[in-house]
Amino acid sequence: MSAFLATVRRDLLLALRRKSEVLTAVFFFVIVTSLFPLGIGPEPVLLKKIAPGILWVAALLATLLGLPRLFAADHGDGTLEQMALSPSPLGLLVAGKILAHWLLCGLPLVLLAPVLGLQFDLDASALGILTLALLLGTPLLSLIGAIGAALTLGVRGGGVLLALLVLPLYIPALIFGAGAVEAHIAGLEVGGHLSLLAAMLVLAAFFAPWATTAALRIALE
Amino acid sequence: MLIVSGLACSRGERRLFADVGFSLDAGEWLHVQGENGAGKTSLMRLLVGLSPADAGEVRWRGEPTPCLEFRRDLVYLGHHAAVKEDLTPLENLRLSAALDGIALDERDALAALIRLGLRGREDLPVRVLSAGQKRRVLLARLLTRPAVLWVLDEAFNALDVAAVKLLGELIAEHLAHGGMAVLTSHQPLPVPGGRTLVL
Numbered sequence: 001m002s003a004f005l006a007t008v009r010r011d012l013l014l015a016l017r018r019k020s021e022v023l024t025a026v027f028f029f030v031i032v033t034s035l036f037p038l039g040i041g042p043e044p045v046l047l048k049k050i051a052p053g054i055l056w057v058a059a060l061l062a063t064l065l066g067l068p069r070l071f072a073a074d075h076g077d078g079t080l081e082q083m084a085l086s087p088s089p090l091g092l093l094v095a096g097k098i099l100a101h102w103l104l105c106g107l108p109l110v111l112l113a114p115v116l117g118l119q120f121d122l123d124a125s126a127l128g129i130l131t132l133a134l135l136l137g138t139p140l141l142s143l144i145g146a147i148g149a150a151l152t153l154g155v156r157g158g159g160v161l162l163a164l165l166v167l168p169l170y171i172p173a174l175i176f177g178a179g180a181v182e183a184h185i186a187g188l189e190v191g192g193h194l195s196l197l198a199a200m201l202v203l204a205a206f207f208a209p210w211a212t213t214a215a216l217r218i219a220l221e
Numbered sequence: 001m002l003i004v005s006g007l008a009c010s011r012g013e014r015r016l017f018a019d020v021g022f023s024l025d026a027g028e029w030l031h032v033q034g035e036n037g038a039g040k041t042s043l044m045r046l047l048v049g050l051s052p053a054d055a056g057e058v059r060w061r062g063e064p065t066p067c068l069e070f071r072r073d074l075v076y077l078g079h080h081a082a083v084k085e086d087l088t089p090l091e092n093l094r095l096s097a098a099l100d101g102i103a104l105d106e107r108d109a110l111a112a113l114i115r116l117g118l119r120g121r122e123d124l125p126v127r128v129l130s131a132g133q134k135r136r137v138l139l140a141r142l143l144t145r146p147a148v149l150w151v152l153d154e155a156f157n158a159l160d161v162a163a164v165k166l167l168g169e170l171i172a173e174h175l176a177h178g179g180m181a182v183l184t185s186h187q188p189l190p191v192p193g194g195r196t197l198v199l
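The listed protein sequences correspond, in order, to chains A and B. Position 105 of the first sequence, counting from 1, maps to 105 under this note's numbering, and the rest follow consecutively. Position 52 of the second sequence, counting from 1, maps to 52 under this note's numbering, and the rest follow consecutively.
By construction, these hints were calculated from the structure, which means they are not laboratory data. Just to be clear, a hint being listed does not mean it is correct.
As the list claims (entries may be wrong) - Partial selection, computed: residues in chain A whose CB lies under 10 Å from chain B:
hint, residue
1, A3
2, R10
3, R17
4, T24
5, L65
6, R69
7, A73
8, D77
9, G78
10, P89
11, L93
12, Q119
13, G158
14, V160
15, E182
16, L220
Said to hold, decoys possible - Negatives, chain B to chain A, calculated, CB over 10 Å:
hint, residue
17, S23
18, V48
19, S51
20, E91
21, Q133
22, N157
23, A158
24, R195
We treat Cβ as the ideally placed atom computed from N, Cα and C, and that holds for glycine.
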């Protein structure tokens with residue numbers, strides 16, 4: 001467990017030394033979500049209708065921005081090899097890296113979403129559901145993305161391939177995440193959407209580190 | 001304790017080596033030699049379990065590797081610097097120890113860095129150090145990580161004369177304490193004894 005926490009601490013420290021990489025994704029999220037209300041104009045009904053979709057797609061793309069770097073730096077300087085040979089299980093270290101990725105690239109989106117949602121005339125309860133859905137959904141995006149990042153590690157043009165590989169897998173998260181907010185706005189029950197998101201998160205939390213580890217071992221060969 | 005038998009490796013169609021075997025006991029070391037492209041690094045990677053062998057096996061204390069005990073007893077330093085450029089040497093050492101599940105206090109880490117001639121550099125980002133100094137940061141891990149088997153791939157690269165001598169001393173000390181080492185290098189090594197394997 002200490003190795004898991006050490007990985008999280010290490011990745012957070014590295015991000016702190018190189019803030020621009022993390023801030024890029026966050027600014028991307030802020031800018032993209034702000035462009036839509038500016039482009040469409042003051043039409044509250046339309047904005048309210050497209051808000052969940054826009055915010056979720058933007059969150060999805062912002063997460064994708066940081067993914068190629070998840071393992072690339074460690075692979076490039078040889079620290080990934082050292083991790084693979086470490087007495088600590090590689091899966092544990094990988095899980096730590098995924099958690100750090102979420103803390104850096106996912107959590108800021110969750111915290112910013114209620115503020116950005118205001119631009120779309122969402123009321124307080126809809127903002128609450130949006131934040132909750134993102135809180136369940138963004139770790140899922142990091143977990144699924146990590147598998148893709150590991151599979152495309154060391155591949156030329158890996159960034160594009162990563163997007164092609166991972167975006168289709170993000171569709172369920174997008175449907176149920178945005179669907180929860182839409183259902184709430186339409187006055188329907190949101191428990192089902194959120195439960196499904198949570199179920200997918202649990203499933204991914206269990207399998208994704210394992211699958212990522214297997215892909216990383218292949219990339220290291 | 002380390003028994004390697006019948007190892008074979010090919011890259012694509014080309015066979016790099018076949019039927020490589022050796023064994024090491026406490027206090028022994030092996031110098032792997034061969035021209036460029038002979039497969040020295042491939043052999044090292046097979047040995048530590050980073051890539052799978054076409055044939056053959058590596059046994060550590062009688063158990064086939066990779067096993068947990070082997071990883072616990074092994075330090076592998078490869079071609080890469082394997083240090084984080086944005087962290088200081090001290091942070092690098094302590095965090096890599098923490099990833100290995102070892103608690104390394106600051107005093108011990110500092111002592112290792114001083115032994116490797118990095119006094120006064122421990123709080124600079126590794127980015128600003130020279131290639132040789134980066135290598136020394138990596139080599140400091142030999143002192144902070146208790147291990148029986150050292151697998152060093154081209155460990156003498158980029159090191160100055162004093163550092164080569166120092167590394168030679170470290171290896172000799174390690175062997176005197178019952179350790180083992182497998183090294184690749186193109187230059188003659190300043191370590192007495194040892195067998196040679198030519199690929």
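How the hints compare with the structure:
1. A3: 5 Å, holds
2. R10: This interface hint holds because 5 Å falls under the 10 Å limit.
3. R17: Where the cut-off is 10 Å and the nearest Cβ of chain B is about 4 Å from A:R17, the hint holds.
4. T24: 16 Å, violated
5. L65: At about 20 Å, which exceeds the 10 Å cut-off, the nearest Cβ of chain B leaves the hint on A:L65 violated.
6. R69: 13 Å, violated
7. A73: 8 Å, holds
8. D77: 6 Å, holds
9. G78: This interface hint holds because 2 Å falls under the 10 Å limit.
10. P89: 9 Å, holds
11. L93: Where the cut-off is 10 Å and the nearest Cβ of chain B is about 6 Å from A:L93, the hint holds.
12. Q119: A:Q119 check fails; min Cβ-Cβ to chain B is 35 Å, beyond 10 Å.
13. G158: 19 Å, violated
14. V160: 26 Å, violated
15. E182: 42 Å, violated
16. L220: With Cβ-Cβ at 6 Å, under 10 Å, it holds.
17. S23: 21 Å, holds
18. V48: 6 Å, violated
19. S51: 4 Å, violated
20. E91: Not fine: 7 Å to the nearest Cβ puts B:E91 too close to chain A.
21. Q133: 15 Å, holds
22. N157: 13 Å, holds
23. A158: Fine: 14 Å to the nearest Cβ keeps B:A158 off the interface.
24. R195: 24 Å, holds
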